[in-house]
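*Asks:* Just so we're aligned: 742 in our numbering is position 742 of the sequence shown, and the numbers increase by one with no gaps anywhere.
Source of the hints: derived by calculation from the structure; they are not laboratory data. Watch out, some of these pointers could steer you wrong.
[Stated by the list, open to error] For lysine-lysine, the following PhoX-like pairs were computed, each having C-alpha atoms within a straight-line distance of at most 20 angstroms:
id: 1; residue 1: Lys927; residue 2: Lys815
id: 2; residue 1: Lys502; residue 2: Lys776
id: 3; residue 1: Lys237; residue 2: Lys333
id: 4; residue 1: Lys613; residue 2: Lys366
id: 5; residue 1: Lys795; residue 2: Lys743
id: 6; residue 1: Lys296; residue 2: Lys324
id: 7; residue 1: Lys752; residue 2: Lys543
id: 8; residue 1: Lys536; residue 2: Lys324
id: 9; residue 1: Lys508; residue 2: Lys470
id: 10; residue 1: Lys859; residue 2: Lys752
id: 11; residue 1: Lys333; residue 2: Lys776
id: 12; residue 1: Lys825; residue 2: Lys969
id: 13; residue 1: Lys137; residue 2: Lys53
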Amino acid sequence: MKSISNIEWLSDLDVFAVNRVPAHSDHVYFETMEEAKRNAPMKLRYSLNGSWKFHYAVNPDSRPATFFEPNFNCANWDDITVPGHIQLQGYGTPQYVNTMYPWDGISEVRPPEIPMDRNAVGSYVKTFMLPANMEHKPVYISFQGVESAFYVWLNGQFVGYSEDSFTPAEFDLSSFIIEGENKLAVEVYQRSTGSWLEDQDFWRFSGIFRDVYLYTVPEIHVADLDVRATLDDTYTKGTLSAALKLVGSSVPSKITAELLDAQGNVVATQEAESAAFTIELDQPELWSAESPYLYKLLIAVYNEAGQLVEAIPHRVGFRRFEIKNKMMHLNGKRIVFKGVNRHEFNCYTGRTITKEDMLWDIQTMKQNNINAVRTSHYPNQTEWYELCDEYGLYVIDEMNLETHGSWQKMGVVEPSWNIPGNKPEWQEIVMDRAISMYERDKNHPSILIWSCGNESYGGEVILNVSRYFKSVDPDRLVHYEGVFYTPEYRETSDMETRMYAKPADIEKYLTENPDKPYISCEYMHAMGNSLGGMYKYTDLEQKYPMYQGGFIWDFIDQALAKKDRYGKEFLAYGGDFDDRPTDYWFCGNGLVYADRTITPKMQEVKYLYQTIKLYPDTSGVLIQNENLFTDTSNYAFFYVVLLEGQEVYRVQLEVNVKPQSEKRIAVHIPKEYLTASGEYCIQVICQLKEKQLWAEAGHEMAFGQYIFSVQGEQPNIQGEVRVVQGDVNIGVHGRDFSAIFSKQVGSLVSLKYDGKEMIAIPPAPLFWRATTDNDKGFGQAYQSGIWYAASLARKCVHVEVTEENETATVAFTYKLSISEAAEVKVQYTVAGDGSIHVKSSYRGAPNLPQMPTFALSFKTIADYDQLEWYALGPCENYSDRSKGAKLGIFTNTVTDNVAHYIKPQESGNRTGVRRLCIRNKQGQGIKIIATSEPLECNASPYTALELENAYHMYELPNRHYSVITVAGKQMGVGGDDSWGAPVHDEYLIPADQDLEFEFKIERV
């Protein structure tokens, strides 16, 4: 045991744990069986969370070096909350970087050196009185997470040192405890050799950010518990084996074990003759994400006098995970991961998250058909794994390792100084992280795969980590994506795993005699308005058995709450704290916003991750149950008929479809419900029958729809129009309406119904959308920026007026500065009832780049802000992200129609628009009606050009208008990645082709 600390350890590869208790399982234990059975709060733990005295120093030279001494007076120091990040409590600066190291361009260092002149130091002091139930017993302290290195003293005596921010560090305090008040001192450094291994895509913080507590142990204590619940080859016989590592002042007289089922019934008992035992169980209930059945194992340890000294409750899930026939199988069935990557994050507290945060996350995942999570890129809090066990999520548990900035620079692979690579001096510090994760997490049935870290290239060091996992745990597989760049180390990973591979690249692998199953450990980069084309990946699930799913990047935006100069809170990204270097808003990749509200992207995820597939038609529905283990008895199915968006018929279906099978259910719709002319939509909806841990009864889990029309006679338009041809304006007037077209402006400048003006700013052709994050990554502004210019101005070269019996047509022809050949013609035909038929035509021209959108946009006054859609919805959707959109009638407001991506961009679009009503609160207004093909429409407080030039939502102007955009087509949003992947060809708009769309404007 070392008794003197040394600051040189911060940059010493050989020193990463001093006097640290060996890593062990995360089981809990009690003094009575009654406490164990009800899993009460542990009396043998004493929390040190709360207020600590604190001093902040910008570097080691300015720290109070002797603060740990008993007589050092820190009474006048500030107070800080533990757990919590230093940088979120008024000290230093939060810094967001992705792949580059946070000191890039500031400090000229190479591993294992660290920039000591910019190495912030937090000095913490906590005084405590030892609880009575810990007196005269061993006393330990547990730090569940400290970033990135720290020293510990108690009562002036050096206790220990540790690195690795994301696994527990524990120390024995027994010999340092004194009677009365004890002074605990902790010195936390932001930078250490460990920082070279923690180059994850996240905010760079420091401090004690997870729980701290004291704990004691009984006279005989199970220091480590290794429980394995396995199955035989028939998956019908379970074997539970447990190995106990005992410590203490005596040996046990006996150890007993009881296995209880989920109802609390004892199904097996065992008395161990040594520190190990085995329980055999016929026909055990099996654990899976679909049915996360957990047994409870109760272990009792008795001393030599026959007294119970320790009671351990431990939840057990019987399952078997393996590769068979080159495919991953769970309990004998081919598994598909419908997964997501997840950072621990809270917009107020960073990576210090609560159980409530975790519950919201796991409930949201389950409600949206997500069945798997990757702990990107570090071990999470213990409670997360407990919830995954209980709620049912498959877990890739990832060790705390990423060295991205050491081998890839601005996207270019350049591993000249890559770590850890084949450098033996890095082996122990890296292996320590693997051991710490494995030992703590090994007993969780939800963990199917160990991951050797993230984006750290390849080499012998990581290969040895993989071999370690396989040597200690034959019941799980090992994952590591970095070997894609170093195929000579393919042995590292049991599966072919890639990031952001395009669908065609995945198919190429799967069709060339693959030797390993395939997963995308990261795919569908959900940055801002994204996830277009996701179906191209999920379609592979049934096409190729060796394609076994993927993990979307990622679950939650990493944005921090901050106040603007006027005191209004907003969600901030990199650079907003004057942090440099930074990667700005690249931290905004979530399916949910940082404030834990759901983004519109989740609508597509929920649909494409459905395991119940529904294919309705007019005579019934085909139900496919892709679940591996559960039938559909927990679901209620409803067959619903809608006419023009209004429900006209509903019937509940009585059906139970076995797992991995399908059944067609015939439905007879009474004839009277199908006789009216119009558009019909048959929707079949799958809902939960009963309340679950993660959702209320009635929660919708899946849907399918079928759309068809019944033709009928079109109504005759009644009324006459009067045309007034002025010198500048052309007026078309009817009984209670008027429309004015300006030859000078070159557009419709006024539309009045019952004397109320509907047009605030005239319609104009629009070819540009506010750049999305994926557009930016692709270089849309560079590739297609001329369409931005074309949207700013055009020249009206011809005005044509045509009068017929009951209509008048005014047509404007525009030339565009970007091409002599390109031309747009917008034709307005006014009918006697006041409706205006609008037809917009584009004449294509060669040598023009892809067009972001082909639309007309105009403004109404802001009072017209109540929206009613008959369209695909309810959430925003795009041509390549509309699979999960239902046809129906939905309402919202213009303000609510804007998605709050952390960088303003295109949002709020709907495809399949049949009708859009824009009203004021008195119910007056206009409606946009598709007359041939469905439209794409948007309604926003902001123009595309205003959004284009804003970096934050607070930069946008106060709302003065409702901006209505009607498009024949908008390009897709893409999402294969956000740094160069184009939108798939079928969702682009070639500018050399003629385009046309039409719609009608009517009063409401």
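*Asks:* Look at each hint and say if it fits the structure.
*Replies:* Verification of the hints:
no., hint, result
1, Lys927 x Lys815, "violated, 29 angstroms"
2, Lys502 x Lys776, "holds, 19 angstroms"
3, Lys237 x Lys333, "holds, 16 angstroms"
4, Lys613 x Lys366, "holds, 17 angstroms"
5, Lys795 x Lys743, "holds, 11 angstroms"
6, Lys296 x Lys324, "violated, 30 angstroms"
7, Lys752 x Lys543, "violated, 56 angstroms"
8, Lys536 x Lys324, "violated, 26 angstroms"
9, Lys508 x Lys470, "violated, 29 angstroms"
10, Lys859 x Lys752, "holds, 14 angstroms"
11, Lys333 x Lys776, "violated, 42 angstroms"
12, Lys825 x Lys969, "holds, 16 angstroms"
13, Lys137 x Lys53, "violated, 27 angstroms"
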